[in-house]
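Enquirer: Take a look at the letters that make up each chain.
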Amino acid sequence: MADYTTSELMVSRAAKELKNGDVVFVGIGVPSLAVNLAYRMHAPGLCMIYESGAVGCVPTRLPISIGDPCLVTGSLAVVPMLDVFNLYLQRGLIDVGFLGGAQVDRFGNINSTVIGDYRKPKVRLPGSGGACEIAALAKRVVITIANSKRTLPEKVDFITSPGYLGGGRERERLGLRGGPELVITDMGVYRFDPETREMVLVSLHPGITVGTIKENIGWDVKVAPDLIETPPPSPEEIRIIRDELDPQGIFLRSKAG
Amino acid sequence: MADYTTSELMVSRAAKELKNGDVVFVGIGVPSLAVNLAYRMHAPGLCMIYESGAVGCVPTRLPISIGDPCLVTGSLAVVPMLDVFNLYLQRGLIDVGFLGGAQVDRFGNINSTVIGDYRKPKVRLPGSGGACEIAALAKRVVITIANSKRTLPEKVDFITSPGYLGGGRERERLGLRGGPELVITDMGVYRFDPETREMVLVSLHPGITVGTIKENIGWDVKVAPDLIETPPPSPEEIRIIRDELDPQGIFLRSKAG
Amino acid sequence: MSKVMSMQEAIARFVRDGDLIVMEGFTHLIPFAAGHEIIRQRRKDLTLARLTPDLIYDQLIAAGCARRMIFSWAGNPGVGPLHAFRRAVEKGQPRPLEIDEWTHFGMVLRFMAGASNLPFLPTRNYPGTDLTRVNPGFKKVRSPYTDEELWCVPALNPDVTMVHAQRADAEGNTQVWGLYGVQKEAAFASRRVIVSVEEVVDAKVIRSDPNRTIIPGAIVSAVVHEPFGAHPSFVQGGYDRDNDFYLRWDAISREEAGLKAYLDEWVYGLPDRAAYIKKMGARHRELLADRQMCEPVNYGF
Amino acid sequence: MSKVMSMQEAIARFVRDGDLIVMEGFTHLIPFAAGHEIIRQRRKDLTLARLTPDLIYDQLIAAGCARRMIFSWAGNPGVGPLHAFRRAVEKGQPRPLEIDEWTHFGMVLRFMAGASNLPFLPTRNYPGTDLTRVNPGFKKVRSPYTDEELWCVPALNPDVTMVHAQRADAEGNTQVWGLYGVQKEAAFASRRVIVSVEEVVDAKVIRSDPNRTIIPGAIVSAVVHEPFGAHPSFVQGGYDRDNDFYLRWDAISREEAGLKAYLDEWVYGLPDRAAYIKKMGARHRELLADRQMCEPVNYGF
Chain A
1 MADYTTSELM
11 VSRAAKELKN
21 GDVVFVGIGV
31 PSLAVNLAYR
41 MHAPGLCMIY
51 ESGAVGCVPT
61 RLPISIGDPC
71 LVTGSLAVVP
81 MLDVFNLYLQ
91 RGLIDVGFLG
101 GAQVDRFGNI
111 NSTVIGDYRK
121 PKVRLPGSGG
131 ACEIAALAKR
141 VVITIANSKR
151 TLPEKVDFIT
161 SPGYLGGGRE
171 RERLGLRGGP
181 ELVITDMGVY
191 RFDPETREMV
201 LVSLHPGITV
211 GTIKENIGWD
221 VKVAPDLIET
231 PPPSPEEIRI
241 IRDELDPQGI
251 FLRSKAG
Chain B
1001 MADYTTSELM
1011 VSRAAKELKN
1021 GDVVFVGIGV
1031 PSLAVNLAYR
1041 MHAPGLCMIY
1051 ESGAVGCVPT
1061 RLPISIGDPC
1071 LVTGSLAVVP
1081 MLDVFNLYLQ
1091 RGLIDVGFLG
1101 GAQVDRFGNI
1111 NSTVIGDYRK
1121 PKVRLPGSGG
1131 ACEIAALAKR
1141 VVITIANSKR
1151 TLPEKVDFIT
1161 SPGYLGGGRE
1171 RERLGLRGGP
1181 ELVITDMGVY
1191 RFDPETREMV
1201 LVSLHPGITV
1211 GTIKENIGWD
1221 VKVAPDLIET
1231 PPPSPEEIRI
1241 IRDELDPQGI
1251 FLRSKAG
Chain C
2001 MSKVMSMQEA
2011 IARFVRDGDL
2021 IVMEGFTHLI
2031 PFAAGHEIIR
2041 QRRKDLTLAR
2051 LTPDLIYDQL
2061 IAAGCARRMI
2071 FSWAGNPGVG
2081 PLHAFRRAVE
2091 KGQPRPLEID
2101 EWTHFGMVLR
2111 FMAGASNLPF
2121 LPTRNYPGTD
2131 LTRVNPGFKK
2141 VRSPYTDEEL
2151 WCVPALNPDV
2161 TMVHAQRADA
2171 EGNTQVWGLY
2181 GVQKEAAFAS
2191 RRVIVSVEEV
2201 VDAKVIRSDP
2211 NRTIIPGAIV
2221 SAVVHEPFGA
2231 HPSFVQGGYD
2241 RDNDFYLRWD
2251 AISREEAGLK
2261 AYLDEWVYGL
2271 PDRAAYIKKM
2281 GARHRELLAD
2291 RQMCEPVNYG
2301 F
Chain D
3001 MSKVMSMQEA
3011 IARFVRDGDL
3021 IVMEGFTHLI
3031 PFAAGHEIIR
3041 QRRKDLTLAR
3051 LTPDLIYDQL
3061 IAAGCARRMI
3071 FSWAGNPGVG
3081 PLHAFRRAVE
3091 KGQPRPLEID
3101 EWTHFGMVLR
3111 FMAGASNLPF
3121 LPTRNYPGTD
3131 LTRVNPGFKK
3141 VRSPYTDEEL
3151 WCVPALNPDV
3161 TMVHAQRADA
3171 EGNTQVWGLY
3181 GVQKEAAFAS
3191 RRVIVSVEEV
3201 VDAKVIRSDP
3211 NRTIIPGAIV
3221 SAVVHEPFGA
3231 HPSFVQGGYD
3241 RDNDFYLRWD
3251 AISREEAGLK
3261 AYLDEWVYGL
3271 PDRAAYIKKM
3281 GARHRELLAD
3291 RQMCEPVNYG
3301 F
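Same order as they appear, the protein sequences are chains A, B, C and D. Under our numbering, the first residue of the first sequence carries the number 1, and numbering increases by one thereafter. Under our numbering, the first residue of the second sequence carries the number 1001, and numbering increases by one thereafter. Under our numbering, the first residue of the third sequence carries the number 2001, and numbering increases by one thereafter. Under our numbering, the first residue of the fourth sequence carries the number 3001, and numbering increases by one thereafter.
It should be emphasised that the hints constitute simulated quantities derived from the structure, not laboratory data. Among the hints, a few may not be true.
[Stated by the list, open to error] Covered stretches of chain D (in silico footprint by chain B; criterion: 3 or more residues with CB under 8 Å from a CB of chain B, positions within the stretch not fixed): (1) 3024-3031; (2) 3102-3112; (3) 3179-3186.
[Stated by the list, open to error] Pulled from the structure, derived: some chain A residues nowhere near chain D, Cβ distances all over 12 Å: (4) G29; (5) I49; (6) G56; (7) T60; (8) N86; (9) V123; (10) L137; (11) G168; (12) R169; (13) E172; (14) V221.
Ideal placement from N, C-alpha and C gives every residue a C-beta, glycine not left out.
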């Protein structure tokens, strides 16, 4: 097996989704590492915004929470949360938002609220936070989640953050722009069919088969005709992740592939 | 004639209307002088706010405009205008607002928009600025204006800033709190009848008669049974106005009585 | 007029049983000292509002102070679930907790509507989410201009808001730098405001930089001098976030007994924050911030 | 990526005939240099939006650049009327001027709605005023919570907003202290933003005090280094308001001929702001501000 972990592969793949000049709403963990990797590799003009209000961050250590003081020191701006949501997100300035959750379904809807019934939950999850508005108002959304029947059911128990809802044009009909663009899991990468808005497998991580995917997803997922193998992280990417971004292995080393 | 001008009398009278602890929305000219006089005489806990966003000002020279830089230097806070209107005024934090205008009518409505028809004005005036919202949202409003048939008509040509509208309970019915409390002119002082909401003469400046008032107002104004003479400014008040507040006589010396 | 008093006095005077209280601070400046004093004074039937309940509300819930919670994200940031919150919601322990659930944007708008004395504010958010289905507080309004329907959230007007800040003068003119969160909006929305600060400064310090003032003394009820009052959260330029404590909270709070032991030792068992700092020992000094001063600006004319 | 360019280039590239433009700054930081360049480049059919048209729009109106004005207070502050504005409204000289009239609060909310991508914002203001009778842009909405009716104002989304500030970096991250006005809201509401500054600074100056940034580079089209670019208005910490000029404007502008002579001498007759400062001579130095520095704060962790 190559000298990189699955998490590093996910970080590398997510980084490639970011363009130079993108304004990116960053979360902690894989998203933060992906954005910082893209910034160092091919997107020096990328602008990081955290929902805590820090804009244009240059963290000198790995931020542990979205409100880490290292995001403030040396940043280009710190703004009230009212401005983050009104003037940046709702105004349409956010090109890419990263989201995760407990469940993502066939149409990219995300659940981070409850497993089971809302009033009598089997598991009470943290809730939306800023996820619902990122899903509704960012231009593009990139989702990262584990690949399993539990985490990728055909229909989520609760739509915290809207994807394409029931599919087709339903999202547009409700007046929402954008939508999920990419789902990156520990087994592969999915995009959304431009007509049906259904998740389609477009890339398999090295060593994973379509059969494995089908055993670990809650519906009979479609496979793109031009299915490829996910390109592995380059040595330079691995070096940056390990030496610069997460030298203590807080987010990534524990999940060695 | 006593050694004070009519303007100084007006400033002194307006200052007496302010209580210690009042949060006051200040304008330029007589209002600014009155507030600063009250601050030095009996209301050290008074808080001055200018619509430009300066809060708790300690001007070291006479401010020429409501956005004079001397209002910022050494102030307690400088806030965006959005906050001035939403968080201070609309929230109900402003105890007293000062207003003037080209016309004030029997029910305390103020016109600072046009003389004549709005579409074909005889005279185009500056317009509301912040006056409409101060009239609508401050707890108490103090009006200063010249006493003449032209400036005090029975009905204003245009209601820029609502007083008691048609009188009685009309203002409350529209959901507005507060309202004009006092009108200070160069001839006397008026309050509003608690039932009819009509302007009533309550105080005559020294040397002015009820007859003079009636010749210089646009309707048959009612006179309070306990009509008094406006108390003249004290020597200390005159000293503060002349030596500290307006040493160059920019606002007051030209109108010597 | 000085409003400086002890935390004990501020909570005794301004926080009542049954109040709707807010203790804001988005990861930054969370007023833990105020939270501990509320627990010590055994307030009950409180409604707790806050975007991220965080450890501070997990502790209040565990101590039995809360009846209801208004929130948008209930987790231990970067660590996992809030165990006391989950026990209350899933099992009704130590008592049932009603929940009133929004999103961050929704909470911010609710505070802003309250701070602006408006009944509601509109947003383009919320089409498609199930939150509007389970929470009848979300309502729609039709734009009188574009014939679109927009979701609205209602004003939130707390009885008391507590915030922690870097500095204030004795009248409560309060300055913050670093992350702003929603403290300003929550404070203006509130009937009473308690400010705790790292430093009570002379008014001339505040007046040297008036653009930094986020809360005016005019709306402040009490000023409490409470160094280290935000620990285990952080103060920009003061001390770092105690990430170890956030991690340890997972084990401390996993069972009711452990959490109770923590409260006995660190809250009920101590008279005030000064005793808490003393008990922390050397850890306190490890968290102190490095110096990285801003370029000063000229306010002259 | 540097966006630094001359005012001549910024106006040529980003301001077009027929645009809805905003030049904000409430008494403070009024972008006069940008206004003069628009006059020099003879833009026409502009809609001018601004709370207080002030001398800057009086000059644009006199120069025949404007077709329409959106405003809330049209006077020469502390002096008297704006004569060119009145001639245009009362007599149609040099051409008729449509007016779209609000109040300060209304204008601020219109910018905020535009900046938030909302069709409108509600307010408790406006019951009883005749403004809602003459301006059909005011509309009502019923609160879905309290059954009250509230007046609303519609979003305002300019084509270009021009602001002047103390400093920005080359990408347009812009910092202001002293009076904020509505520059932030107007800039976010706008399709394009031109920032002129007293000083273009290294990004590390901006980064030393991120809470002072009011406009992020992400929304800025052009950065113009334009010292004294706000004269005759003022820059906190830079130079005082030229009150003599505001007083003199009354005489200059009272008749069309005098105003034309002013424009010929001080606008058309000069290539740029550098020439304007040179022509001002010693007056320029008399206005420079004293030093009154703020206490710096610590951003370390």
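Enquirer: Decide, hint by hint, whether the structure agrees.
Expert: Taking the hints in turn, this is what the structure says about them:
no. : hint      : result
1   : 3024-3031 : holds (count 3)
2   : 3102-3112 : holds (count 7)
3   : 3179-3186 : holds (count 6)
4   : G29       : 20 Å, holds
5   : I49       : 9 Å, violated
6   : G56       : 7 Å, violated
7   : T60       : 9 Å, violated
8   : N86       : 4 Å, violated
9   : V123      : 32 Å, holds
10  : L137      : 9 Å, violated
11  : G168      : 25 Å, holds
12  : R169      : 22 Å, holds
13  : E172      : 17 Å, holds
14  : V221      : 35 Å, holds
Of the numbered hints stated above, those contradicted by the structure are hints 5, 6, 7, 8 and 10, listed in ascending order.
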